[in-house]
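J.: One line per chain: the protein sequences are U and W, in this order. Note that our numbering has the first sequence beginning at 134, numbered continuously upward. Note that our numbering has the second sequence beginning at 2, numbered continuously upward.
Derived from the structure by calculation, the hints contain no laboratory data. All values reported here derive from a predicted model rather than from experimental measurement. Warning: the hint list may mix true and false statements.
Listed next, the stretches of chain U that the computed footprint assigns to chain W, with coverage defined by at least 3 CB atoms under 8 Å from CB atoms of chain W [unchecked claim]:
| no. | stretch |
| --- | --- |
| 1 | 167 to 178 |
| 2 | 189 to 197 |
| 3 | 201 to 213 |
Partial pick of chain U residues on the chain W-facing surface, computed with a CB cut under 10 Å [to be verified]:
| no. | residue |
| --- | --- |
| 4 | L217 |
| 5 | M226 |
| 6 | G273 |
Quick reminder that beta carbons are idealized off the backbone N, C-alpha and C, glycines included.
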Amino acid sequence: MVATRDMPLKEYVLKGNAACAGCQDMVALRHAHKALEGDVIQVVPACCTSVVQSLWPKSGLAIPVLNTAFMASAATASGVKAALKAKGNDDTMVMVWAGDGGTFDIGIQALSGALERRTDFLYICYNNQVYSNTGTQRSGATPLHAKTTTTWTGKTEPEKMIDLIVAAHEPVYQFTANTAYPRDLYEKFQKAREYPGPKFGHIFLPCPQAWNYPVEKGVEIGKLAVETGYWIQWERIGEEFILGRQSKRFQDPANRKPIDEFLKMQGRFSHLFKPTRDDKKIAELEAFIQHRWDTVLRTFT
Amino acid sequence: MKTELMSANYASARSAVSARVEVVAAYPITPATTVPEQVALLSETGVYKGQFIRVESEHSAIFACIGASSTGARTFTATSSNGLLLMDEGLHWASAARLPIVINNINRSVSPSWNIHVSHDDAYSKRDTGWIQFYVASVDELYHTLIQAYKLAEDERVLMPVMVNSDGFVLSHTLSTFDYLEPEEVDKFLPPYTPPHWVMDPKDPVSHGNIVFPEFYQEFRYMMHEGTKNAVKVYEEVENDYKKHFGKYFGGPVDCYMCDDAEVVFTSQGSMGAEAKDAVTELREEGYKVGNARIRMIRPFPHKQIHELASRVKAFASFDRGVSYGFGGPVANDIRASLYHTNHRPMVKSYIGGLGGRDMTVTDIKEVILDTVKAVESGELGPEETWHHLMEW
Numbered sequence: 134m135v136a137t138r139d140m141p142l143k144e145y146v147l148k149g150n151a152a153c154a155g156c157q158d159m160v161a162l163r164h165a166h167k168a169l170e171g172d173v174i175q176v177v178p179a180c181c182t183s184v185v186q187s188l189w190p191k192s193g194l195a196i197p198v199l200n201t202a203f204m205a206s207a208a209t210a211s212g213v214k215a216a217l218k219a220k221g222n223d224d225t226m227v228m229v230w231a232g233d234g235g236t237f238d239i240g241i242q243a244l245s246g247a248l249e250r251r252t253d254f255l256y257i258c259y260n261n262q263v264y265s266n267t268g269t270q271r272s273g274a275t276p277l278h279a280k281t282t283t284t285w286t287g288k289t290e291p292e293k294m295i296d297l298i299v300a301a302h303e304p305v306y307q308f309t310a311n312t313a314y315p316r317d318l319y320e321k322f323q324k325a326r327e328y329p330g331p332k333f334g335h336i337f338l339p340c341p342q343a344w345n346y347p348v349e350k351g352v353e354i355g356k357l358a359v360e361t362g363y364w365i366q367w368e369r370i371g372e373e374f375i376l377g378r379q380s381k382r383f384q385d386p387a388n389r390k391p392i393d394e395f396l397k398m399q400g401r402f403s404h405l406f407k408p409t410r411d412d413k414k415i416a417e418l419e420a421f422i423q424h425r426w427d428t429v430l431r432t433f434t
Numbered sequence: 002m003k004t005e006l007m008s009a010n011y012a013s014a015r016s017a018v019s020a021r022v023e024v025v026a027a028y029p030i031t032p033a034t035t036v037p038e039q040v041a042l043l044s045e046t047g048v049y050k051g052q053f054i055r056v057e058s059e060h061s062a063i064f065a066c067i068g069a070s071s072t073g074a075r076t077f078t079a080t081s082s083n084g085l086l087l088m089d090e091g092l093h094w095a096s097a098a099r100l101p102i103v104i105n106n107i108n109r110s111v112s113p114s115w116n117i118h119v120s121h122d123d124a125y126s127k128r129d130t131g132w133i134q135f136y137v138a139s140v141d142e143l144y145h146t147l148i149q150a151y152k153l154a155e156d157e158r159v160l161m162p163v164m165v166n167s168d169g170f171v172l173s174h175t176l177s178t179f180d181y182l183e184p185e186e187v188d189k190f191l192p193p194y195t196p197p198h199w200v201m202d203p204k205d206p207v208s209h210g211n212i213v214f215p216e217f218y219q220e221f222r223y224m225m226h227e228g229t230k231n232a233v234k235v236y237e238e239v240e241n242d243y244k245k246h247f248g249k250y251f252g253g254p255v256d257c258y259m260c261d262d263a264e265v266v267f268t269s270q271g272s273m274g275a276e277a278k279d280a281v282t283e284l285r286e287e288g289y290k291v292g293n294a295r296i297r298m299i300r301p302f303p304h305k306q307i308h309e310l311a312s313r314v315k316a317f318a319s320f321d322r323g324v325s326y327g328f329g330g331p332v333a334n335d336i337r338a339s340l341y342h343t344n345h346r347p348m349v350k351s352y353i354g355g356l357g358g359r360d361m362t363v364t365d366i367k368e369v370i371l372d373t374v375k376a377v378e379s380g381e382l383g384p385e386e387t388w389h390h391l392m393e394w
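Throw the hints in and build the complete structure from the sequences for me.
T.: In structure tokens, the structure reads:
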């Protein structure tokens, strides 16, 4: 694993960006761009990143950023890539940086099309499990029982398993990452540079605003997501599936921390503990966690 | 320059070769389909040297063009009807981003009910997107207007995208001769596209499209308006330049025929303008002082040309192959609105018809013109609009 001192000192996420305190998106962007080292064009649909990159005429990111419409990021990236190709540039990385709404929901058609066309690009979904830019509405990535402003008493369905949908398109490289493990995230972006073809990264990204937790607890929550088995760290290089070392020991449910530790830190799940613990709903969440493990491993191994 | 025999759609695909388009992104829809089909063939046989993205929707087609144009490439797409409607978000995006994308919209009626034949409603409904809009009357005019469109769109005084409309089936699938230009010939007229203000380039990183607060937003919109308005004047330059190079001239924003001493002028958009020429010729032979004004450009609206005509004629017989529901003939009402700010007060008779591909023959057009002639003779303005040959139920 890369040592922190070996990461480039150059910063691409600059001071003065407009992110909220404790924003984990900035952690993801910072390490992603350190790994990509500047030769990149970043396409951003409507999402938090379209706001936090700062306000015209300034930019808080030291890379070219093309903002685009909500459902169009993968199509826009296809055009950017084609233009680079037409001009004889095969090296510059084209990267989409989209939220979960822009990936799971409104942008899924364009994503599917670009993957099927074997577009040489990297699509990143930074997933904070909610439409946080518009103020916390449920998305297809919002977990079961989470409160949002369109599911006031808790969501009644679990999230869509987007990774399986993407995997059906057979990208050359696919990974999950988590901002609580920035060195691992950095290495995955470095690896993504090596594979020409369609690549997909799915980053788990706690949001203090939407999940309602103290701003300094983002890393703690990110780690608990892994340690409770809620989030699985893995990579897939072609057909080869690699269960991430952070997740390996939590494949066995006996090693997992109680899901309560993850849920209790977040206001969006507070109703599951008031006035008393809602055993039934929490059991449903646990069942989904196991179901996801089973499905991912059954599909990929 | 050599003469070729092709449908308008095939000629349209050829224009991408001649203009050295670098990226085409398109999705099939009748009657536009044979454009991407032909681009694919030209690409696979090495005639078209740029990139062709076979996208999964029209929304993605326009946004792929937006991505490519933002990266400095000359871009082209073709669509029709519902496809153009699906592009709507991207049409607004392209013009606000000042990207000189060119679309060939092959006019088709909007659903429901399903009808694949010509109406102009698809493009009329996009008049407020900022796109410059042309309507053409022949295969030759389509091909050359598409090449001119890049020169116009890429002019720094304009920097707005261009939509060239051609009538579904009447032109799209009808073979006709046209004068083809090799890319080497077009080079003299059309230099490579160099974005004058911003481009996606890792060596000079900029953010495009990030948040602009109310204190600046309006100024950007004002500049878009100015850019679009400039297109009338710049297009006249472009067309004169084109004429010098290739001897081709299609009449500027409004192509007038026998208008000089005309008392009644028929206006229309698209292929009907060619039929109208014959109608006017016949009516002249019958002794009527009539003319034909083919409105080739509806956005920006050619105020100057219309005002000039209005200063001389007694009436316009203005035909729309489309409707603004609850208001009437779109271009007829544009003419009325444009003249209100002048002292010219000719009659502006509005006719609506030819919808869903219903034929508009020379006989039909003569009937329309004579209806206006009658109004002039009687001094009776008559109804605000007349639907041509509306069936009685």
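J.: May I ask which of the numbered hints given earlier this structure violates, with the numbers listed in increasing order?
T.: When the structure is compared with the hints, only number 6 turns out to be violated.
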